[in-house]
Amino acid sequence: MEVVMSNQMKIQGLLAQFDSPAVLMEAARKTGEAGYRKFDCHSPFPIHGMDRAMGLKRSPLGWIIGLAALIGTSGALALQWWTSTIDYPLVISGKPFFSYQAYVPVTFALGVVFSAFAALIGMLAINGLPRFHHPVFYSDNFVRATDDGFFISLEAADPKFHIEQSRIFLESIGGKNVEVLSGE
Amino acid sequence: MDTIARNAAGLPEHDPPLITGHQTFRSITDKISGIVERRTPRVWFLAMGAALSLLMVLLGSIGYLVYEGIGIWGLNNPVGWGWAIINFVWWVGIGHAGTLISAILFLLRQRWRTSINRFAEAMTLFAISCALIFPAIHVGRIWVVYWMFPLPNQMNMWPNFRSPLLWDVFAVSTYFIASLLFWYTGLIPDLATFRDRAKNKIKKIIFGILAVGWRGGNRQWRHYELAYLILAGISTPLVLSVHSVVSTDFAVSILPGWHTTLFPPYFVAGAIFSGFAMVITLTIIARKIFHLEDIITLNHLEKMTKVILLTGTMVGYAYSMEFFIAWYSGNIYEQFVFMNRAFGQYAWAYWIMITCNVLVPQLFWFKKLRTSIPVLFIASILINVGMWFERFVIVVTSLARDFLPANWDYYSPTIWDISIFVGSFGLFFTLFLLFIRFLPMISMAEVKTVLPEAEVPHGGGHE
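Just so you know, the protein sequences line up as chains A and B, in that order. Numbered by my numbering, the letters in the first sequence go through residues 1 to 184 in order. Numbered by my numbering, the letters in the second sequence go through residues 185 to 647 in order.
Keep in mind the hints are simulated off the structure, nothing from the lab. Every value quoted in this text rests on a predicted model; they were computed, and no experiment measured them. Just so it is clear, CB atoms sit at the ideal spot from N, CA and C, and this is done for glycine as well. Heads up, none of these hints are tricks.
Label pairs and their in silico Cβ distance ranges:
(1) A:Arg58 <-> B:Leu494: 29 to 39 Å
(2) A:Leu67 <-> B:Pro589: 57 to 67 Å
(3) A:Pro60 <-> B:Ile361: 22 to 32 Å
(4) B:Leu364 <-> A:Lys176: 34 to 44 Å
(5) A:Glu171 <-> B:Lys387: 33 to 43 Å
(6) B:Pro449 <-> A:Pro96: 25 to 35 Å
(7) A:Pro60 <-> B:Trp511: 51 to 61 Å
(8) B:Gln338 <-> A:Ser99: 24 to 34 Å
(9) B:Ile389 <-> A:Asp158: 26 to 36 Å
Sequences and hints are given; from them, build the entire structure.
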């Protein structure tokens with residue numbers, strides 16, 4: 001299959017629009033069953049059950065955030081222990097240098113700060129964001145994906161991808177306005 | 185909405201629909217984006233003018249404070265803490281409703297929160313910004329405020345981590361950072377909508393950068409949703425911990441009227457109480473000006489009012505428990521402080537507090553009053569006044585009458601106390617007006633999920 005057109009525009013994939021979240025979900029299931037792997041379902045809001053329909057595993061983000069929380073809390077405790085016990089010991093109201101009960105609020109706070117950063121930055125990193133350039137943006141119709149449009153995008157890199165057969169397949173599962181995504 | 189769709193949406197059988205006026209995905213986008221895309225209404229400029237004037241009052245007063253020192257405030261010998269701490273606690277408290285709505289109600293699957301959460305979270309951020317001014321300027325020598333942070337310095341000194349004031353530094357700045365990240369995470373899909381609708385190049389670039397290339401793909405949504413869930417999960421204990429730490433500034437002292445284990449839960453309830461009142465005040469104005477009655481319905485307002493009734497009653501219980509424990513403990517200093525609060529020289533402040541915080545919310549037992557916009561608007565303002573007086577009563581009455589009658593004095597604010605407090609509203613409203621002018625004030629992506637159109641029948645469409 002020739003993926004380079006005469007004007008040097010490389011075919012990046014196909015984009016099909018669907019009518020509603022329910023149709024999109026059914027189409028996602030059929031696309032997975034047909035053997036496609038490199039495809040994504042775009043919607044203006046998350047659709048519950050879509051992960052199962054697409055055959056996606058649970059996000060690993062929880063582990064990343066958990067690790068960050070551990071670093072935050074242990075780092076905060078170490079900071080308070082080291083500054084109050086080793087580097088600058090001061091007797092305050094006769095309390096022990098390592099008064100760990102008093103260190104709970106700061107330890108908790110830093111655990112939260114680290115987890116919050118890990119949640120946002122980790123989410124973006126796993127998603128490969130920020131990424132301002134992507135084949136789906138070649139479609140003018142795609143602006144509706146953040147409004148009221150439901151789309152499936154098939155990547156040309158998928159081994160099962162074939163420009164004509166894949167187009168027929170997308171139309172057979174209810175896809176409308178099937179577009180070829182192409183650009184340099 | 186039929187019963188099946190209702191059950192699928194997790195709504196009780198007889199609850200009115202969350203969003204009225206037969207909205208579609210497109211009409212939601214148009215309605216909310218339209219607020220930002222339309223020409224700026226004249227009333228916005230008028231409001232902005234007023235807000236900026238107040239902001240100038242704030243900046244001018246702080247400038248004079250830095251130049252002259254905190255002697256310009258009405259503090260005297262027993263009353264070493266005055267309006268600065270009152271305003272700080274009050275503003276932090278205002279913020280709590282936003283986090284409660286965005287985090288706790290999210291975890292509890294309260295889907296009515298979607299119409300108001302963005303708005304309330306923004307209010308949280310701006311209220312914390314106002315709150316953070318006061319501890320920073322009350323130190324007097326504001327240019328060494330960084331001493332409160334554990335930064336290595338040439339004096340080889342570290343802050344004392346056993347001090348509640350330092351816990352405050354961490355608790356409140358954590359609260360700000362976590363709220364900001366949570367808010368921004370929630371904004372990403374809506375910023376992508378703005379990017380896709382942008383007509384001119386500058387807007388396209390700005391919203392394009394802010395939306396970080398969001399494509400709304402399910403491979404993104406699944407990580408996004410987990411990130412949002414975990415952010416809600418870590419923000420939930422913050423609602424309880426931040427104001428508990430703030431209350432600990434008082435509770436770890438040995439001053440009668442402050443030295444109470446009741447303080448953390450009592451402060452948290454009061455914070456949520458005043459926060460919801462502020463959300464209602466702002467919501468009523470915004471839904472009227474921007475014609476959002478279909479998205480922020482009377483149903484939403486009524487649900488918030490029920491939270492106010494609950495927390496207001498908890499606050500009233502705390503007031504009576506303080507009195508009971510003062511009597512029951514047999515501690516004469518404690519007993520004196522409470523008799524003095526109710527019948528002493530600050531009795532006027534005490535009874536304003538009781539009227540606004542205990543009596544006013546009790547009106548909301550009646551559905552007629554819960555669903556009347558004018559009643560809600562006036563009550564929400566009275567509650568915020570009452571909650572300010574609560575902090576005034578706690579701070580001032582305990583300090584002005586300490587253990588030795590020879591030390592007693594009467595506290596009254598100066599013009600500078602007042603100008604800095606009034607000026608902080610300038611900061612709050614300036615930020616809020618900028619927010620509603622340039623960002624989506626209602627979460628479009630989330631509101632769309634509660635429309636009946638968004639429902640996918642169970643079993644993935646096999647029916």
